[in-house]
Each structure stands twice: as structure tokens, then as C-alpha cells.
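Protein chains in written order, with the numbering used here: chain R, 1 to 236; chain L, 1 to 435; chain A, 1 to 336.
For the record, the hints were derived by calculation from the structure and aren't laboratory data.
Note that this is a predicted model, so its numbers are computed, not measured.
We treat Cβ as the ideally placed atom computed from N, Cα and C, and that holds for glycine.
Mixed in with the good hints, there may be bad ones.
Unchecked claim - Have a look at the derived ranges for each label pair, beta carbon to beta carbon:
#1 D203(A) <-> D397(L): 54 to 62 Å
#2 R153(A) <-> I126(L): 53 to 61 Å
#3 D397(L) <-> L158(A): 54 to 62 Å
#4 P399(L) <-> D203(A): 50 to 58 Å
#5 D397(L) <-> L79(A): 29 to 37 Å
What the hints assert, rightly or not - No farther apart than 20 Å at their CA atoms in a straight line, the calculated lysine to any residue pairs in the SDA-like style are these:
#6 K106(A) <-> V423(L)
#7 K308(L) <-> V320(A)
#8 K218(L) <-> P78(L)
#9 K429(L) <-> G300(A)
#10 K182(L) <-> A321(A)
#11 K106(A) <-> P74(R)
#12 K218(L) <-> P229(L)
#13 K326(A) <-> I183(L)
#14 K107(A) <-> V423(L)
#15 K142(L) <-> G300(A)
#16 K429(L) <-> R104(A)
#17 K107(A) <-> S73(R)
#18 K106(A) <-> P428(L)
#19 K326(A) <-> L187(L)
#20 K106(A) <-> S94(R)
#21 K106(A) <-> L422(L)
#22 K401(L) <-> I131(A)
#23 K107(A) <-> L55(R)
#24 K106(A) <-> T95(A)
#25 K326(A) <-> L422(L)
#26 K107(A) <-> Q75(R)
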Amino acid sequence: MGAPFLIGEKMTGGYGAADILHDCTIAVEKGEIAVIVGPNGAGKSTAMKAVFGMLTLRHGQVRLDGEDITAFSPQARVAKGMAFVPQTDNVFLSMSVEENLEMGAFLRRDDIRPTMARIYDLFPVLKEKRRQAAGELSGGQRQQVAVGRALMTQPKVLMLDEPTAGVSPIVMDELFDRIIEISRTGISILMVEQNARQALNIADKGYVLVQGANRYTDTGEALLADPDVRKTFLGG
Amino acid sequence: MNGRSRSLWVLAVVGLLYVAVGVLQSWPLALTILNDGLIVAITALGVNMQWGYAGLFNVGVSGFFALGGLAVVLVSMPLDPQAWSAGTPRLLVALVILALVIFAAMRLYRVLGAGWLRIVSLIVFIGVGVTVFRTVFNPAAKAVEAINAAVTGNIGGLGLPVPFSFIVAAAFAAAAGWAVAKIALGLRSDYLAIATLGIGQIIISVLMNESWLDRGVKNVVGISRWPVPEEVRLQKQPWFIDLAHTLGMHLTTTSTVFVGLCFAALFTAILLVILLLAELSLRSPWGRMMRAIRDNEVAAEAMGKDVKRRHLQVFVLGCAVIGIAGALFVMLHGLFSPVNYNDALRYTFLIWSMVILGGSGNNLGSVLGALIIMLIWDEAGSVGPHLFALLTSPLADGPLKTHLINSAVEMRLPAVGLVLLLVLRFSPKGLLPER
Amino acid sequence: MNILDAIVVLLNYVIIPATSYGAQLALGALGVTLIYGILRFSNFAHGDTMAFGTAVTILITWAFQAAGITFGPLPTALLALPLGIAVTALVLLFTDRAVYRFYRRKKAAPVILVIVSMGVMFVMNGLTRLIIGVQDQNFADGQRFIINAFQFRKMTGLAQGLALRTTSVITLLTAIIVVAALFWFLNHTRTGKSMRAFADNEDLALLSGINPERVVTVTWLLVAGLATTAGVLYGLDKSFMPFTYFQLLLPIFAAAVVGGLGNPLGAIVGGFVVAFSEVMSTYAWRMVAAYVLPRSLVPGGLMQLLTTDYKFAVSFAILVAVLLFKPTGIFKGKSV
Numbered sequence: 001m002g003a004p005f006l007i008g009e010k011m012t013g014g015y016g017a018a019d020i021l022h023d024c025t026i027a028v029e030k031g032e033i034a035v036i037v038g039p040n041g042a043g044k045s046t047a048m049k050a051v052f053g054m055l056t057l058r059h060g061q062v063r064l065d066g067e068d069i070t071a072f073s074p075q076a077r078v079a080k081g082m083a084f085v086p087q088t089d090n091v092f093l094s095m096s097v098e099e100n101l102e103m104g105a106f107l108r109r110d111d112i113r114p115t116m117a118r119i120y121d122l123f124p125v126l127k128e129k130r131r132q133a134a135g136e137l138s139g140g141q142r143q144q145v146a147v148g149r150a151l152m153t154q155p156k157v158l159m160l161d162e163p164t165a166g167v168s169p170i171v172m173d174e175l176f177d178r179i180i181e182i183s184r185t186g187i188s189i190l191m192v193e194q195n196a197r198q199a200l201n202i203a204d205k206g207y208v209l210v211q212g213a214n215r216y217t218d219t220g221e222a223l224l225a226d227p228d229v230r231k232t233f234l235g236g
Numbered sequence: 001m002n003g004r005s006r007s008l009w010v011l012a013v014v015g016l017l018y019v020a021v022g023v024l025q026s027w028p029l030a031l032t033i034l035n036d037g038l039i040v041a042i043t044a045l046g047v048n049m050q051w052g053y054a055g056l057f058n059v060g061v062s063g064f065f066a067l068g069g070l071a072v073v074l075v076s077m078p079l080d081p082q083a084w085s086a087g088t089p090r091l092l093v094a095l096v097i098l099a100l101v102i103f104a105a106m107r108l109y110r111v112l113g114a115g116w117l118r119i120v121s122l123i124v125f126i127g128v129g130v131t132v133f134r135t136v137f138n139p140a141a142k143a144v145e146a147i148n149a150a151v152t153g154n155i156g157g158l159g160l161p162v163p164f165s166f167i168v169a170a171a172f173a174a175a176a177g178w179a180v181a182k183i184a185l186g187l188r189s190d191y192l193a194i195a196t197l198g199i200g201q202i203i204i205s206v207l208m209n210e211s212w213l214d215r216g217v218k219n220v221v222g223i224s225r226w227p228v229p230e231e232v233r234l235q236k237q238p239w240f241i242d243l244a245h246t247l248g249m250h251l252t253t254t255s256t257v258f259v260g261l262c263f264a265a266l267f268t269a270i271l272l273v274i275l276l277l278a279e280l281s282l283r284s285p286w287g288r289m290m291r292a293i294r295d296n297e298v299a300a301e302a303m304g305k306d307v308k309r310r311h312l313q314v315f316v317l318g319c320a321v322i323g324i325a326g327a328l329f330v331m332l333h334g335l336f337s338p339v340n341y342n343d344a345l346r347y348t349f350l351i352w353s354m355v356i357l358g359g360s361g362n363n364l365g366s367v368l369g370a371l372i373i374m375l376i377w378d379e380a381g382s383v384g385p386h387l388f389a390l391l392t393s394p395l396a397d398g399p400l401k402t403h404l405i406n407s408a409v410e411m412r413l414p415a416v417g418l419v420l421l422l423v424l425r426f427s428p429k430g431l432l433p434e435r
Numbered sequence: 001m002n003i004l005d006a007i008v009v010l011l012n013y014v015i016i017p018a019t020s021y022g023a024q025l026a027l028g029a030l031g032v033t034l035i036y037g038i039l040r041f042s043n044f045a046h047g048d049t050m051a052f053g054t055a056v057t058i059l060i061t062w063a064f065q066a067a068g069i070t071f072g073p074l075p076t077a078l079l080a081l082p083l084g085i086a087v088t089a090l091v092l093l094f095t096d097r098a099v100y101r102f103y104r105r106k107k108a109a110p111v112i113l114v115i116v117s118m119g120v121m122f123v124m125n126g127l128t129r130l131i132i133g134v135q136d137q138n139f140a141d142g143q144r145f146i147i148n149a150f151q152f153r154k155m156t157g158l159a160q161g162l163a164l165r166t167t168s169v170i171t172l173l174t175a176i177i178v179v180a181a182l183f184w185f186l187n188h189t190r191t192g193k194s195m196r197a198f199a200d201n202e203d204l205a206l207l208s209g210i211n212p213e214r215v216v217t218v219t220w221l222l223v224a225g226l227a228t229t230a231g232v233l234y235g236l237d238k239s240f241m242p243f244t245y246f247q248l249l250l251p252i253f254a255a256a257v258v259g260g261l262g263n264p265l266g267a268i269v270g271g272f273v274v275a276f277s278e279v280m281s282t283y284a285w286r287m288v289a290a291y292v293l294p295r296s297l298v299p300g301g302l303m304q305l306l307t308t309d310y311k312f313a314v315s316f317a318i319l320v321a322v323l324l325f326k327p328t329g330i331f332k333g334k335s336v
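Start from the sequences and build out the full structure, keeping to the hints where you can.
The following block contains the structure:
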């Protein structure tokens with residue numbers, strides 16, 4: 001196997017004077033799911049944002065399919081095939097579900113209907129509510145809209161920042177199932193998760209971050225089996 | 001260049017500018033502009049307290065300024081026994097009724113639960129209350145307005161010396177400021193701006209239309225300026241004639257300059273007192289807390305500071321200072337002309353440009369900004385046409401050229417606007433940055 | 001007692017004037033609300049933008065009139081309006097590039113932008129004074145009435161005559177067309193939807209590849225159209241004086257806040273709420289009462305809540321009521 005499809009390598013940087021990330025490396029292979037877990041304040045979301053170009057790196061680089069994209073703006077990365085679902089404020093509340101999806105496809109000039117149909121297949125409830133404003137949906141449904149909007153760009157990599165924050169366990173399982181389904185279509189998935197155990201369960205690769213640095217990196221399965229990881233991060 | 005020496009430099013330059021006007025044009029003109037400048041400097045101090053200390057947006061300055069002027073009329077104009085017997089007591093009763101109606105309506109709103117009953121009963125109550133108020137008020141107002149309509153036709157004043165009115169002016173403006181702040185503070189910053197814009201316009205409408213109160217558009221003239229002497233009286237004093245003679249100056253000019261200097265001395269004294277108090281308050285724990293709140297409202301609130309209360313305090317204080325400036329303005333001109341204040345560009349937004357130019361949060365900066373802008377503003381009238389004549393000299397004589405030269409004085413508006421935009425863009429901290 | 005005459009009086013002095021005034025305020029408030037939604041500040045220069053656009057349109061109207069071009073029974077100003085809008089749009093775009101863009105890039109606080117808009121207000125105001133002066137200008141031509149009071153009385157035999165002025169009808173029709181076009185644009189075009197998306201959630205709009213500069217440019221173009229149209233209609237209906245336009249700022253803001261700042265539908269409803277409240281509370285109802293009530297019950301007074309000098313107080317009262325009880329407006333606006 002060659003270099004990973006998307007890799008943020010030895011990233012060091014932060015928002016202001018102080019660095020949050022220290023030599024942190026995150027990567028995901030084509031069609032696989034990579035999960036970033038770790039305690040509060042470990043820099044999980046920051047690592048994700050760094051990969052997406054939302055903060056400037058002092059060291060390290062980000063490569064997509066072998067191309068160095070470190071200097072690209074987030075918008076340029078969207079055009080390159082990366083999609084990002086923020087943790088909060090990730091839908092257009094005042095717009096209908098369908099309009100949300102249309103906005104996701106804003107840059108596309110081709111026929112977007114097949115993609116939209118696939119998203120409605122993936123999340124049938126959205127089809128039902130496609131004329132309703134996203135602000136009127138439940139938390140779990142909104143997350144579906146958010147993921148759907150991101151998929152409308154036909155991304156090669158989908159990045160999710162805590163997609164299950166604030167949803168019930170049942171909805172969480174459902175969402176994870178959908179995420180697996182998405183990855184099977186060949187889309188790489190990189191996500192940050194609070195619910196470490198469930199997330200590692202579906203992960204091909206897991207990254208445990210502590211204070212902005214890699215602590216453990218392995219397959220999801222191996223991390224779940226690792227007694228140290230269990231004891232420190234998964235509550236026994 | 002540190003803060004202090006920078007302040008001194010700017011101060012010196014501003015002083016030189018005024019001296020230049022005196023030498024190149026005339027001393028009475030320099031003093032006229034200086035006195036206008038000192039008054040707006042006090043106004044700008046008030047605005048700076050609200051904006052610079054607390055980040056509160058007041059664009060109703062003209063209204064609070066006009067209220068200060070009203071205080072002078074009500075305090076210093078002579079008692080009018082005729083008006084008093086014709087209707088003044090009834091007017092006061094009517095106003096008390098109105099206040100009671102408003103107060104009771106507010107109580108009623110709180111007592112009744114939400115729903116149609118509350119809305120209907122409030123409308124009925126206010127309707128009845130206003131009708132009662134009107135039946136007492138209208139005939140009384142008419143009666144007062146009928147008395148000697150060409151000269152007074154209003155309730156007159158208390159016949160007290162003008163300086164008493166400064167306190168009343170502060171109180172009037174503070175009360176209006178309190179009311180508007182109670183409503184709009186705590187909402188987003190733009191809302192306070194819009195609300196103050198409204199209260200400003202309403203105050204001026206009231207002053208223009210309630211002729212029983214202040215003669216409205218007919219203006220109040222002949223307002224006392226004690227302790228500053230009158231020119232005509234000075235010109236008759238032997239010692240003054242001697243003085244003019246010794247100086248070798250024209251008697252009228254000497255009196256104008258002398259009176260101008262008296263005003264300048266009085267205004268400077270008041271300005272310095274307010275400036276000193278403002279500086280002391282800014283350095284007190286209260287001032288530090290104010291700035292802490294401005295810089296990070298959320299953190300201050302989390303630390304248990306009562307942000308809304310502090311904002312209310314500083315807003316009311318700022319309005320009071322603006323009110324005092326308004327009183328001085330009326331005293332200087334011996335005239336209360338409500339229509340004047342309608343020019344919000346001159347009486348509100350111009351003040352803002354002074355505060356921004358001087359440096360938000362810096363009291364001395366506001367004062368110097370005021371003196372500079374006032375100079376530009378007043379000089380645009382006398383220098384502007386000449387400048388335009390020079391600029392348009394290549395043009396052939398004709399209606400366009402005449403129109404341009406005649407519009408020259410209007411060019412002070414875009415000039416001030418441009419100064420404001422340039423400062424905001426290239427030197428947002430202003431001439432004297434906040435320390 | 002004569003209900004029909006009462007209705008005619010009501011139409012003449014309340015419903016028709018309030019409807020056209022409401023339409024003018026609505027167009028003005030739409031401009032304010034669009035700027036608020038997209039650029040996120042309250043534009044104090046809006047009244048002066050309206051005045052500037054109207055002044056330019058008046059100049060073009062005069063040029064047309066001098067060249068003998070008229071619009072038949074309609075005011076020539078309507079022919080000049082598109083050109084007036086184009087000039088205003090150029091000026092607004094220039095202002096944006098020269099002034100506002102810098103603060104947008106810096107992500108300056110909204111309150112700074114409000115102060116910046118005060119500077120722009122000064123400049124615009126001065127420009128207007130320079131090109132047209134401060135005097136009152138009446139530039140309405142064409143046919144004055146669709147129905148005049150005399151004809152109406154002869155036609156119906158009623159004591160009261162209904163006067164329907166051309167400008168009232170033009171105001172309403174133009175406003176309907178403009179608003180319909182605006183809503184169609186916002187709801188059915190890609191660019192329009194991207195504007196709504198940008199107003200709703202700027203960060204997510206960026207993530208979706210929406211170009212903010214393009215959204216801002218389109219916004220200013222729309223604002224130029226709305227402000228100039230509002231100003232010209234107001235000027236045709238009443239008369240043009242730069243100062244009056246500055247004073248319109250308060251009712252326009254009141255309308256936008258009542259409806260919910262940032263909400264276009266709210267701006268329209270707000271415009272009519274403010275206009276009707278203003279006209280109804282400054283109208284002397286005695287004439288209506290005289291036709292409706294038995295003679296013995298007709299009150300002696302004018303039955304006027306406020307004199308017209310206090311019409312601003314009405315806008316203010318509405319504004320205060322909204323701020324006190326429902327700061328987000330009738331329709332949910334962007335924020336408190």
C-alpha cells in the first residue's frame with residue numbers, strides 16, 4: 001500500500017501564539033473510516049480543522065491523494081473533494097431540507113438530482129421532510145441534513161466533527177450505520193468522536209490524542225482491545 | 001512618542017490653529033469658533049463616556065442637547081404671573097395625571113396575566129386616561145399660549161440665574177437617557193442606536209410643537225447670560241471705554257472679544273472640571289470595571305458584574321454631560337431655537353466624528369477632536385467658497401460654476417465624512433489612543 | 001348617518017395614503033434588512049442612499065423632460081428610474097470596495113460598521129446636496145388623478161368625493177412588482193438561494209463554496225434598486241427633500257425591527273404596520289364619526305390621537321413596544 005489518501009503529517013500549530021497541536025499526524029485511507037478520540041481539550045477538533053485548513057500550521061503538511069494542499073484555503077479544499085460537517089451550526093436553519101442539499105452542491109454545474117436521490121435513499125426521512133425548514137427538524141434529523149449537504153459536493157473525503165453530539169443512543173447507532181454505508185461507496189471518512197467506544201467499533205483506524213499529540217494509533221479493534229487505552233480513555 | 005508628549009503636541013497644534021484664525025482672519029471669529037468648539041467638546045466628552053468607556057451607541061445626542069437648552073429656558077426666563085394664573089397650575093396637574101396614567105398602565109400590565117383581557121383593558125385604560133389628561137391639558141395649554149403670544153405665550157421660567165439651570169439640564173437629559181436605556185440596554189448594540197435616534201427626534205418634535213412650554217418654532221430669545229456681561233452694556237461702562245482706548249481697538253470689537261473671552265473662560269472652567277472628573281472616574285475601580293466590561297462583556301458577566309446596571313449608569317452620566325453642554329449652548333447664543341436641533345448631522349453625527357477622530361475612550365482626545373472638527377466645520381463657510389472659486393477657476397463662468405461655488409459650504413459634510421472614514425480606516429485609535 | 005360616505009372618507013384619508021406610504025416604507029425597510037442580513041450591520045446611510053438615488057433620478061427626469069421625452073400619462077421619473085438605479089448601484093459598489101470591504105475582511109464588529117456607515121452617510125448627504133441642493137423638488141408629471149373627487153361625486157352622488165392619485169396606484173403596483181421579483185429571486189434562483197444561505201449561516205455558506213464577495217455585490221445591487229425605487233416613489237407621492245429622507249430612517253428602521261431584522265417578509269409587514277399606525281393615530285377621526293354615529297353622539301373634539309408633528313413618536317412607540325416585548329420582531333429576525 002502507498003501513501004494514505006489524505007494525511008495531515010506532523011502538524012504543529014494553533015489559533016494564537018500558543019500551539020495546540022504538537023507533531024500530530026492524522027491519516028485516512030480510501031474508503032476507510034478513521035476516528036479521532038481523546039479526552040476533552042486534547043485538540044481533536046483542532047486536528048480536524050487543521051486538516052481542513054481552518055488554522056495555519058507552523059510545521060507539517062497536509063496531502064490529499066499525494067498532492068500537497070497545506071496552503072489551500074478551506075474553500076479550495078472543498079473544490080478538491082473534501083467535505084466538512086461542523087459540530088454545531090451545520091445546517092441552514094431557515095432553508096428547507098432540499099435547499100440545504102442544493103446549497104451543498106453550489107459549486108456543481110452538472111445535474112445534481114441523482115446525488116440528491118442517493119441521499120434521500122440513505123436518509124429516507126429527509127425525503128419526507130424535504131420541503132420543511134431544517135430548523136424545524138429534530139437534532140438527529142438535522143445531523144442527517146448536515147451530512148447530506150456535505151455529500152452533495154460528491155466528496156472523496158468526508159470529515160465529521162462529533163456528528164453524534166447531543167443525539168440519543170438509538171439515533172447515534174443509526175447514524176453510525178449510515179456512516180459505514182457511506183464509506184462503502186468509496187468515500188474516506190475522518191471523524192472526531194466523544195463516544196469513543198462506539199466510534200472505535202466502526203473505525204478502521206483510530207487516533208487517540210492527548211494534549212495535541214498522538215498517544216495511541218492503531219486499528220479500531222486493536223485500540224478497543226488495548227488494556228491501557230481501555231483503562232485511561234474508555235472507562236475500563 | 002509617548003502618550004503624554006503626543007497629547008501635548010496635538011494640543012499645541014490645535015492651539016496654533018485657533019491662533020492662526022485669529023491672526024489671519026479675526027479674533028472675534030476665532031473666539032466664536034472656540035466657544036462653539038468648547039461646547040461641542042463637552043458634548044463629545046458625554047458621548048465618549050458612553051461609547052469610549054462602555055461601547056454604548058447614542059445617536060440621539062441632539063435630543064439630549066436640546067433638553068439641556070430647555071432647562072435654561074425654564075430656569076432662567078422670568079416668572080410669568082399671567083400665565084401662572086391662566087393655566088400653569090392646570091398644566092402641571094395635567095402632566096401629573098399623564099405620569100400617573102403611564103405608571104398605572106405599567107402596573108396594570110404587570111398585574112394582569114397575558115392574554116386578550118390584558119390588551120383590551122390596557123387599551124381602554126390608556127384611552128380613558130389620555131382623554132382625562134387632554135380635557136385638563138388642552139384648554140390650559142391654549143390659555144397659556146394666548147397670553148401675550150407675540151412675546152411670550154408660554155409658561156415662562158423660574159427667574160433664577162442661568163448657572164442653576166446647568167444642574168437641571170443634567171437632570172432632564174439624564175432622565176430621558178434613563179428611560180431610553182431602560183428599554184434598549186441589554187439588546188444588541190444597533191437597537192440602542194435606533195432607539196436613541198428615535199428618542200432624539202421625539203424630544204425635538206416635542207420642543208418644536210409644545211408652544212406653551214418653550215414657544216416652539218417661535219423660539220425663545222433674550223435669555224440671560226449672567227454672569228457673562230452683555231456687549232451693549234459693556235460699551236457704556238467708562239472703564240471699558242478706557243480699556244478699548246488703551247488697547248487702541250474699536251469699541252465694538254473690544255466688547256465682542258471681551259465677552260467671547262468671558263465665555264471661553266467659563267466654558268473652559270466647566271470643561272476642565274468635567275474632564276477632571278471623567279479622568280478620575282476612568283482611573284477609579286469603577287472606570288476599570290467599565291472598560292473590562294466593554295472589552296469582554298461575557299467574562300465580566302461571568303465574574304458577577306452587573307453589566308446592565310453599569311451600562312445604565314454610564315449612559316445616564318453621559319446624557320447628563322450632554323445636557324450641560326446643551327445648556328451652555330443656549331446661554332452662549334441667548335437663544336433657544338428648537339428647529340435648529342433638527343439638524344442631526346450637525347448636532348449628533350458631527351459629535352461622533354469628533355470622538356472617533358480624537359480617539360475613542362480618550363477624554364482629552366475627544367476634546368481636541370471636537371476643537372479640530374468645529375474649526376473645519378465653521379471655516380468651511382468662510383474659506384470654502386474661496387477654495388471652490390479657486391478650484392473651479394478653469395471652468396467658464398456659468399450656472400454650473402455658480403452652483404458649485406454656492407454649494408461650497410455644503411462640502412463640509414463630505415469633508416467631515418471623509419475625515420471620519422479615513423480615521424476609521426487608517427488610524428482607528430484616533431489622534432490620541434486610549435491608554 | 002351614511003356608511004358609504006364614511007368609507008370614502010376612510011379610503012381618502014387613511015387607507016390609500018397609508019397603503020402607499022406603507023409600500024414606500026416596506027421597500028426602504030427591505031433594503032435595510034437585506035444589508036443587515038448579509039453584511040450584518042444597521043446601515044445609517046440608507047436614508048441618504050434613498051435621497052441620492054432619487055436626486056440622480058430627478059436629474060435624469062429633467063434631462064428627459066428637456067429633451068421632450070415623456071411617459072404619456074405616467075410620470076417621466078419612472079422612465080428615468082432604471083438609470084437612476086444604475087448610477088446608485090455604481091456608487092454603492094464603489095462605496096463597498098472603497099470602504100466596507102476592508103472591515104468585512106477584518107471581520108470588524110457590527111458596531112464599527114455602523115459608525116463607518118455614519119461616515120458614508122455624511123458623504124452621501126453632501127453629494128446629494130451638491131448635485132441637487134437642499135430645496136424641495138416636485139418632479140411628478142403626467143396625469144395627476146385616476147379618479148378625482150369631483151368626478152367621483154358626480155358619478156356616485158355621494159357627498160364625499162374619492163380622490164385616487166396616479167402616484168398612489170403607481171406606488172402600490174411598482175412595490176408589488178418589485179417585491180414579487182425580489183422574492184422570486186431569493187427563493188428560486190441559485191444566486192438568491194446562496195444569499196439566503198449566506199445570511200443564515202456564513203461559515204457553512206463558505207464551506208459550501210459560496211463566494212461571499214459575489215453575494216455582497218448582488219446585495220448592493222438589490223439595495224440600490226430597492227432604495228432608489230422607494231425614494232422615487234416617496235418623492236412622486238409627496239415631494240423630494242433630502243432632509244425628509246434622512247428622517248425616514250426612523251420609520252424604516254422601526255419597520256425592519258418590527259418585522260424582525262434580516263427577515264424580508266417581516267420588513268414588508270413592518271412597513272405597513274408602521275404606516276397604518278402612523279396615519280391612523282395622526283388622523284382626525286371626527287369626519288368619519290360624523291358619518292357613522294348619530295349626531296348626538298359625535299364628539300366635539302377632532303378625535304385625533306396625535307398631531308401629525310408627532311408621527312415619529314408613533315414609529316418610536318412601535319419600536320419600543322417591539323424591543324420590550326418581542327425583540328426578534330413579529331417574524332423571527334436574526335438576533336437580539
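Taking the hints in turn, this is what the structure says about them:
At about 59 Å, the CB distance of D203(A) to D397(L) agrees with the hint of 54 to 62 Å. A beta carbon spacing of about 38 Å between R153(A) and I126(L) contradicts the range 53 to 61 Å that was offered as a hint. At about 59 Å, the beta-carbon gap between D397(L) and L158(A) stays in the expected band of 54 to 62 Å. In this structure the hint that P399(L) and D203(A) lie 50 to 58 Å apart at CB holds, the actual value being about 54 Å.
In this structure the hint that D397(L) and L79(A) lie 29 to 37 Å apart at CB holds, the actual value being about 33 Å. Of the supplied pair hints, the one linking K106(A) and V423(L) holds, its CA atoms being roughly 16 Å apart against a limit of 20 Å. With a C-alpha separation of about 18 Å, the suggested pair K308(L) and V320(A) falls inside the 20 Å cut-off, and the hint holds. Only pairs whose Cα atoms come within 20 Å are accepted, and K218(L) paired with P78(L) is accepted, the gap being roughly 17 Å.
At most 20 Å may separate the alpha-carbon atoms for a hinted pair to count; K429(L) and G300(A) exceed this at roughly 61 Å. For the hint linking K182(L) to A321(A), the alpha-carbon distance of about 13 Å falls within 20 Å, and the restraint holds. For the hint linking K106(A) to P74(R), the alpha-carbon distance of about 18 Å falls within 20 Å, and the restraint holds. In summary, the hint linking K218(L) to P229(L) is not supported, as the alpha carbons are separated by about 25 Å, beyond the 20 Å threshold.
For the hint pairing K326(A) with I183(L), the CA-to-CA distance comes to about 12 Å; that is within 20 Å, so the pair holds. Distance restraint check for K107(A) and V423(L): the Cα-Cα separation of roughly 18 Å lies within the 20 Å cut-off, and the hinted pair is therefore satisfied. Our distance criterion of 20 Å between C-alpha atoms is met by K142(L) and G300(A), whose separation comes to about 16 Å. Our distance criterion of 20 Å between C-alpha atoms is met by K429(L) and R104(A), whose separation comes to about 18 Å.
Of the pairs offered as hints, the one joining K107(A) and S73(R) holds, with about 17 Å between alpha carbons and a cut-off of 20 Å not exceeded. Under the criterion of a C-alpha separation no larger than 20 Å, the hint pairing K106(A) with P428(L) is consistent with the structure, at around 13 Å. This hinted pair checks out: K326(A) and L187(L) have alpha carbons roughly 11 Å apart, not beyond 20 Å. For the proposed pair K106(A) and S94(R), the alpha carbon gap of about 27 Å is over 20 Å, so the pair is violated.
Distance check on the hinted pair: K106(A) and L422(L) sit about 16 Å apart at the alpha-carbon level, within 20 Å; holds. For a cut-off of 20 Å, the pair hint linking K401(L) to I131(A) stands: about 12 Å separates their Cα positions. Distance check on the hinted pair: K107(A) and L55(R) sit about 16 Å apart at the alpha-carbon level, within 20 Å; holds. For the hint linking K106(A) to T95(A), the alpha-carbon distance of about 17 Å falls within 20 Å, and the restraint holds.
Between K326(A) and L422(L) the alpha-carbon distance is near 38 Å, which puts this suggested pair outside the 20 Å criterion. For a cut-off of 20 Å, the pair hint linking K107(A) to Q75(R) stands: about 18 Å separates their Cα positions.
When the structure is compared with the earlier hints, violations turn up for hints 2, 9, 12, 20, 25 and for no others.
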